[in-house]
Structures are given as structure tokens and as C-alpha cells.
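Novice: Given the structure of chain A, go ahead and fit chain B onto it with the hints provided.
Residue numbers (the numbering used here), protein chains in the order written: chain A, 1 to 110; chain B, 1001 to 1112.
Source of the hints: derived by calculation from the structure; they are not laboratory data.
Hints are supplied without guarantee of correctness; some may be wrong.
[Stated by the list, open to error] No farther apart than 30 Å at their CA atoms in a straight line, the calculated lysine-lysine pairs in the DSSO-like style are these:
no. : chain 1 : residue 1 : chain 2 : residue 2
1   : A       : Lys56     : A       : Lys68
2   : A       : Lys56     : A       : Lys17
3   : B       : Lys1057   : A       : Lys41
4   : A       : Lys56     : A       : Lys3
5   : A       : Lys41     : B       : Lys1013
6   : A       : Lys41     : A       : Lys56
7   : A       : Lys41     : A       : Lys17
8   : A       : Lys41     : A       : Lys3
9   : A       : Lys68     : B       : Lys1057
10  : A       : Lys68     : A       : Lys3
11  : B       : Lys1057   : A       : Lys3
12  : B       : Lys1057   : B       : Lys1013
[Claimed, not checked] If we take Cβ atoms under 7 Å as the criterion, some of the chain B residues that face chain A in the derived model are:
no. : residue
13  : Ser1031
14  : Ser1033
15  : Pro1039
16  : Leu1043
17  : Phe1045
18  : Glu1048
19  : Asn1056
20  : Gly1097
21  : Pro1100
22  : Phe1103
23  : Asp1105
24  : Gly1106
25  : Ser1110
[What the hints assert, rightly or not] Taking beta-carbon pairs under 10 Å as the criterion, some of the chain B residues facing chain A (in silico):
no. : residue
26  : Gly1042
27  : Phe1047
28  : Arg1055
29  : Leu1088
30  : Gln1101
Since the model is a prediction, treat every value here as computed from it, not as a measurement.
C-beta atoms are modelled at their ideal positions from N, C-alpha and C, and glycine is treated no differently.
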Amino acid sequence: ELKVEQNPLFLSMQEGKNYTIYCNYSTTSDRLYWYRQDPGKSLESLFVLLSNGAVKQEGRLMASLDTKARLSTLHITAAVHDLSATYFCAGAGNTDKLIFGTGTRLQVFP
Amino acid sequence: KAGVTQTPRYLIKTRGQQVTLSCSPISGHRSVSWYQQTPGQGLQFLFEYFSETQRNKGNFPGRFSGRQFSNSRSEMNVSTLELGDSALYLCASSLTGGQPQHFGDGTRLSIL
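If we strip away everything but chain B, and leave its shape as in the complex, we get:
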């Protein structure tokens, strides 16, 4: 059974640009969550999607957005990139929520 797949694995952008990250959950999983990991702030919850609806949201500015498609694949978008957005972005999936989450390998985003 394939795990959670995130693309791309690495990304380099400059300030002011926007970026879209993709996450394909484990087959059959309908809940997808996104996390940001930085050395300073640690692991922080961004948002969770279930059945194409945002179910939970963390404390991030509106520049961070996401969506989920009917096949449960999810994307997150960050607009007007700032240096502080440099981080490892992790996607996790679970069956319906409330179960153990399985994490992807992450997308490492570097802002120059």
C-alpha cells in the first residue's frame, strides 16, 4: 500500500512569489492535514481537510490556503512568500479523522 506522497520534495522560491504543494493521501484516507516544521517554532498545524471541506484551521495568516479534491488529494498554497516561510511542510492522512495520522516525507521550501 503506497504511503502519503508529497510533491515536490524540494522547492526554492524568492520573496513575493507564490507556491503550491501537493499531497496524495494513502488510498482510502479521506482526512488530510498539513503541518509546518521550522527549527524555531517546531511543528505547527496549518489546516485539515475532510471530504473537500476545511474542518480545522491553525493560526496562520490568510496567505496560507489549501483545498482538497474529490479524490482526497490536497494542495496547499502560500502566496506572497516571506523568508520566514522557509520550512519543511508535512502532509498527513488518516481514514476519517481521529485515527493515527500517517505522514509524508514532506516538501522542503526555501525562500531566498
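Chain A on its own, in the form it takes in the complex:
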């Protein structure tokens, strides 16, 4: 069964710095998702990655997928406080059964 591991669990970073969140998965996953969750809120879809080499960017966030390495990354460029949230990656087969990583709690400070 698909397993998804995410690291780091916690990330405290200064505004303006760059960092990467890693998401490894154990078996073939048809799709890889990234979600954002603010405290007390629901999950907001950020990216869906479908194929090897896929790269998607939105503002200061860029997600990529390497299916051979079974690795997805979420890169944060020049972090700002508004990016503080918990970020989840999730894998899925050909169904809607999402398997989530543990989440990365990101805190951006001045």
C-alpha cells in the first residue's frame, strides 16, 4: 500500500530565505498533490503533479515531481509571513483515496 513520508515536520525560517519540503512515496502514485492548511481551517489545493518531471509554480511556491525517485518537492522562494501554514503532500492511485504525509508546519518570522 502507498505510504507517503514528508520532511521536515517543522520548519522555522526567516523572511526572504529559501527552503524545500520533501515528500517521498513508497509505490507508484498516479498523482501527487500539495495542500495548504491554515490553523483551524480546511485544506486548500495548491498543486497537482501528474507526470515525471512536472513542475508547477504559483507565486513563491514551486512544486516538482520525480517519479523515478518517487520524490516530490515544494520549494519556497523568498519566504514571507503569509506563507506560514501547514503543508501536506498526498499521493493517490487511480481513485480518490488520498494518502497524506505527516505535514510540514512552516513558520516564517521577520
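Specialist: Structure of chain B alone, referenced to chain A:
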């Protein structure tokens, strides 16, 4: 376009009781999935319904059940509530499955 609507938003129950949570998907979406989120176990898949049929099921005891109606609205039921059932229950919908899921705001269930 209205998003995924979950009711109620908050619920307090005692051990041994049962509870029913409701989810109205985005109009036109036929796949509805349920997830449980707890600090200890994270986000875990409960089940998925499509066209009134359970299509996938997670590793939860039989106390957790669900159903989907012909208008795609879904309910999940938890019987004989235990303290460990305290969680945020999230519902998500997609067009037919295999597409990005849109999540509701969740129902926060507290068991006393």
C-alpha cells in the same frame, strides 16, 4: 459556485453515543470522500462514495459508516463513540474521481 458544505461545524457528544455528519459536494461533483484528521494520526482516509456506491474504504472499524444519496450528498455515521474519535472530519468532492479534490471546512467532533 458554492464549495463543499459540511454540517454541523462543531459537535460535542459523549462516549457511547452515535453521530451523523453531513456533506454537500460542489454542484456536479459525484465523488465524495471522507477523511479524519487528528494530531496523533494525521489525515486518514475513511471512505469514498461515487454514484451512491462505496468505492474505497480505509482502515477504520465498522463503527464508521457512510452513504451517498442520489443527489450526491453524503453522510457519515459513527456509532458507539469513543474518546479517540475526537477529530476534525473532512469531506472532499471531485467530479468523478481521479481529479483534484475540493475540501469542506470540516466538522470538529469532540467526545466527552
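Novice: Please go over all the hints and tell whether each is borne out by the structure.
Specialist: Hint check:
Simply put, A:Lys56 and A:Lys68 have alpha-carbon atoms about 18 Å apart, close enough for the 30 Å limit, and the pair holds. Between the alpha carbons of A:Lys56 and A:Lys17 the distance comes to roughly 20 Å, so the proposed pair stays at or under 30 Å and holds. Simply put, B:Lys1057 and A:Lys41 have alpha-carbon atoms about 25 Å apart, close enough for the 30 Å limit, and the pair holds. Straight-line distance between C-alpha atoms of A:Lys56 and A:Lys3 comes to about 23 Å, which keeps the hinted pair within the 30 Å bound.
As the CA atoms of A:Lys41 and B:Lys1013 are separated by approximately 22 Å, the hinted pair is consistent with the 30 Å bound. Taken as a hint, the A:Lys41 and A:Lys56 pair is honoured in the structure, with Cα atoms around 24 Å apart against an allowance of 30 Å. Restraint check: the Cα-Cα separation between A:Lys41 and A:Lys17 comes to about 26 Å, which is no more than 30 Å; the hinted pair holds. Between the alpha carbons of A:Lys41 and A:Lys3 the distance comes to roughly 25 Å, so the proposed pair stays at or under 30 Å and holds.
About 28 Å separates the Cα atoms of A:Lys68 and B:Lys1057, which keeps this hinted pair within 30 Å; it holds. Of the supplied pair hints, the one linking A:Lys68 and A:Lys3 holds, its CA atoms being roughly 16 Å apart against a limit of 30 Å. A threshold of 30 Å between alpha carbons decides the hint, and for B:Lys1057 with A:Lys3 the separation of about 16 Å falls inside it, so the pair holds. Between the alpha carbons of B:Lys1057 and B:Lys1013 the distance comes to roughly 25 Å, so the proposed pair stays at or under 30 Å and holds.
Taking 7 Å as the C-beta cut-off, the interface hint given for B:Ser1031 holds, the closest approach to chain A being about 5 Å. Given the 7 Å rule on beta carbons, the hint for B:Ser1033 holds: about 5 Å separates it from the nearest Cβ of chain A. With a least beta-carbon distance of about 10 Å to chain A, the hint placing B:Pro1039 at the interface is violated under the 7 Å criterion. Interface restraint check: B:Leu1043 against chain A, minimum CB-CB distance 4 Å, threshold 7 Å, status holds.
Below 7 Å, beta-carbon pairs count as interface contacts, and B:Phe1045 has one with chain A at about 5 Å; its hint therefore holds. The interface hint given for B:Glu1048 holds, since its Cβ lies 5 Å from the closest Cβ of chain A, which is under the 7 Å cut-off. With a cut of 7 Å, the hint placing B:Asn1056 at the interface with chain A holds, because the nearest CB-to-CB distance is about 5 Å. Because the beta carbon of B:Gly1097 sits about 5 Å from the nearest beta carbon in chain A, less than 7 Å, this interface hint is met.
At a threshold of 7 Å, the smallest CB-CB gap from B:Pro1100 to chain A is about 5 Å, leaving the interface hint in force. Taking 7 Å as the C-beta cut-off, the interface hint given for B:Phe1103 holds, the closest approach to chain A being about 4 Å. Satisfaction of the interface hint for B:Asp1105 is found here, the shortest Cβ-Cβ separation to chain A being roughly 5 Å, below the 7 Å cut-off. Look at B:Gly1106: its Cβ gets to within about 6 Å of chain A, closer than 7 Å, so that hint holds up.
The beta carbon of B:Ser1110 is not positioned within 7 Å of any beta carbon in chain A (closest approach about 14 Å), and the interface hint is therefore violated. A hinted interface residue such as B:Gly1042 counts as satisfied when its beta carbon comes closer than 10 Å to some beta carbon of chain A; here the least separation is about 5 Å, so the hint holds. With a cut of 10 Å, the hint placing B:Phe1047 at the interface with chain A holds, because the nearest CB-to-CB distance is about 9 Å. Nearest Cβ of chain A to the Cβ of B:Arg1055: about 7 Å, under the 10 Å cut. The hint holds.
For B:Leu1088, the shortest C-beta to C-beta distance to chain A is roughly 9 Å, which falls under 10 Å, so the interface hint holds. Below 10 Å, beta-carbon pairs count as interface contacts, and B:Gln1101 has one with chain A at about 6 Å; its hint therefore holds.
Consistency note: the structure conflicts with the earlier hints numbered 15 and 25.
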